[in-house]
Every structure is written in C-alpha cells, then in structure tokens.
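> Use these hints to put chain B onto chain A, whose structure you have.
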Amino acid sequence: MSIYNQCCNHHGKIVRITCHDGRVHVGRITRVERDMVWIQPNRGLGGFGLGFFGDGFGFGGFRTGFGTGFGIALGAIAGIALVSAFFW
Amino acid sequence: MSNAYLDLLAYFGIGGAHPGGFNLTQTILEDENIQLSESVLDVGCGTGQTSAFLAKRFNCQVTAIDKHPIMIEKAVERFKNNPASVKVVEGDAECLNFEDDSFDFIIAESVIVFTDIEKTLHELARVMKSNGRIILLEMTAEKNLSKELQRTVCNLYGIKEILSEEEWRVKLQQAGFTRIEIIDTPSELSPSEVDDINQSDNIKKELFDLLEEHNELITHYRHFIGYRAFKCYF
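For the protein sequence lines, the chains are A and B, in the order given. At position 84 of the first sequence the residue is numbered 84 (the working numbering), and the sequence of numbers has no breaks. At position 65 of the second sequence the residue is numbered 65 (the working numbering), and the sequence of numbers has no breaks.
Derived from the structure by calculation, the hints contain no laboratory data. Mixed in with the good hints there might be a few duds.
As a list, the in silico EDC-like pairs of lysine to aspartate or glutamate whose alpha-carbon atoms are at most 20 Å apart [to be verified]:
#1 A:LYS13 to B:ASP209
#2 B:LYS80 to B:GLU90
#3 B:LYS147 to B:GLU161
#4 A:LYS13 to B:GLU38
#5 B:LYS143 to B:GLU188
#6 A:LYS13 to B:GLU212
#7 B:LYS67 to B:ASP116
#8 B:LYS129 to B:GLU142
#9 B:LYS231 to B:GLU181
#10 B:LYS160 to B:GLU213
#11 A:LYS13 to B:ASP196
#12 B:LYS231 to B:GLU77
#13 B:LYS160 to B:ASP7
#14 B:LYS119 to B:GLU161
#15 A:LYS13 to B:ASP7
#16 B:LYS231 to B:ASP7
#17 A:LYS13 to B:GLU77
#18 B:LYS129 to B:GLU94
Fair warning: this is a prediction, and the values are worked out from it, not measured in the lab.
Just chain A, same shape as in the assembly (with noise of 0.2 Å):
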C-alpha cells in the first residue's frame, strides 16, 4: 500500500512516522494531500521523546499550518504505523 494510502486508512488515528533522514515523528493525522499528510503533534499520544516535533520551521520537507498541525511531504516517510502506548 502506498504512503498515501496508508495516510488516508489512519486518518484521524495517532501515528508514529519515521523518515528516511531518521526522524520520528507522533502525531495525530489531521490532513492528507497527495504530497503531504498533516498531523498535530505534542497531544494525544505523542509526547514519548521519539521526536522533537518543534514548529516545522527550518526542516526540510516541512510546512507549517494553523490547526493542522505541522505537514511532512510524502516522499520524506519510510514509514507509518499506529503507535504503541502504555495504558493501564
């Protein structure tokens, strides 16, 4: 399944997305484009020091929105999964 499709079938879901330069990113998916998916980090699950999630400002590949979240282009992912938490 392409990284699109993949981006579609966990929308609304928290996801942890790692980049090809390493990266690791939490988020819930707020947004999906052709080029870019949208996730609002630093709430929900997220917060596991997997990642610094910072404002996108100054990475390459990143893009800044209003209520989105942050944007990672497509071809920067090398993957997508639901994260795993600790409940009790």
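Same frame as chain A, but now just chain B:
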C-alpha cells in the same frame, strides 16, 4: 462517580487499553481451556475487543459489561453485525445484576483498580460458580511508593489505592478465593499496540491534556508501578 481517565479511554475508544495490551490478552487466553458450554463474563469490557476474541476463539457464551455508556455504545457497535455472539450489558462491577454462581470464567483487565476493590472482588466471587476461575490483570505497586507519588497516581487515574502483590493476595483471600496463582508475565508495564481504535469526534482538550499527563507519569514512574495477572479459584 465520573473518572476522567476512563473517559479518555472511552472517547479515544482504545481497545486493549491495559498493561500488555491485546497481545497479552491473547497469550493468556490461548492457554485457557474454555468450553463451548461455559458462560464467560468480561467485566469492564471497554469497547469489547477481548469479548470478541473469546466468542470467536472458544465459541462460548460471553457477557460483556461496562459502566461507561460510551464504551457500551462502542461495544454494541462492534457486535452489531454479529449480535448473537456477545451479550453487552451496561453495569457496575461493584453491584452486578447477575444471579449468584452465574459464570464459569471471569476476566477483568485493569478494571478492579478503578473501583472499590473489596466490593468488586466480593461481587465477582458471588457471581462465579464454585468450580469457576477468574483472571485479573491489575495495577500493582512494585515497591513502596512515597505518599506524594501515591497521591499523584490516585488523582490522575481516579483510584483509591495502589496495592502491592501481597495486598492483592490478602484482598483476594478475603473475597473467598483460596487458590491464587500468578500468571507469568513481564510485570513491568509493557506497551499496548494501539491498533483497535474507535475514536469519538470532537474530543475535549482536557482529555488530550490528561493523556499528556498520563504519558509523563508513565515515562517517569513505570519502574515503580507495574501489574500482575492473577488467576484465582475457590
């Protein structure tokens, strides 16, 4: 009494939201020899993932109860295309609406700790058949916790106390269980695969904040608070 942490699990609709997650549930239950004719109670069923597994794997009579209306709604939704397999009931573990000696097998996955523990254990003992067995998977203190940490944990999860393994044994005995085994599992809190989600729309910001707080606490204190899987008989 409302519990914000249980609201969180209910609104996010996370299946397998207990230590070890659904993987551990499957591992534990695969070793159980549950017969077709046996009646099974999944107390604190949440969105019904374990009940679905029990019904499918053993073809037994499963009753799933939960106190949270959103959990019940989502459990009902899970079984709507297969209504015969699991009976979903809204109910309170502290005061069960079942006859004495109703169930051959009972499972409670991180449920009792959120209730009045003594009351619930007595209720479960009441509805379990004399030759039945019960499996509990519950939060357990790994070492002496400072008063401050106890207070923090109790406030965060809306619970009254965090029992040690020995304290669980005592309470289980008081409820009438005489044979108490510990199922061999990694006691330290292990991750639940979050792959069974039925999330509500428009989740309040407070619940996201609570999730953050929960994550923080787990990151810092997971060596202090673990869990045990108990298997008990009369």
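> Each hint should be assessed against the structure and marked as holding or not.
Here's how the hints hold up against the structure:
1. A:LYS13 to B:ASP209: 17 Å, holds
2. B:LYS80 to B:GLU90: Holds: LYS80 of chain B and GLU90 of chain B sit about 16 Å apart, inside 20 Å.
3. B:LYS147 to B:GLU161: 11 Å, holds
4. A:LYS13 to B:GLU38: 37 Å, violated
5. B:LYS143 to B:GLU188: 12 Å, holds
6. A:LYS13 to B:GLU212: 16 Å, holds
7. B:LYS67 to B:ASP116: This hinted pair holds, its Cα atoms lying about 13 Å apart.
8. B:LYS129 to B:GLU142: Status violated; Cα separation ~32 Å.
9. B:LYS231 to B:GLU181: 5 Å, holds
10. B:LYS160 to B:GLU213: Status holds; Cα separation ~18 Å.
11. A:LYS13 to B:ASP196: 10 Å, holds
12. B:LYS231 to B:GLU77: With Cα atoms ~30 Å apart, LYS231 of chain B and GLU77 of chain B exceed 20 Å; violated.
13. B:LYS160 to B:ASP7: Measuring from Cα to Cα gives roughly 17 Å; hence the hint holds.
14. B:LYS119 to B:GLU161: Measuring from Cα to Cα gives roughly 14 Å; hence the hint holds.
15. A:LYS13 to B:ASP7: OK: LYS13 of chain A and ASP7 of chain B at ~17 Å, within 20 Å.
16. B:LYS231 to B:ASP7: At roughly 28 Å apart (the allowed maximum being 20 Å), ASP7 of chain B and LYS231 of chain B break the hint.
17. A:LYS13 to B:GLU77: 19 Å, holds
18. B:LYS129 to B:GLU94: 18 Å, holds
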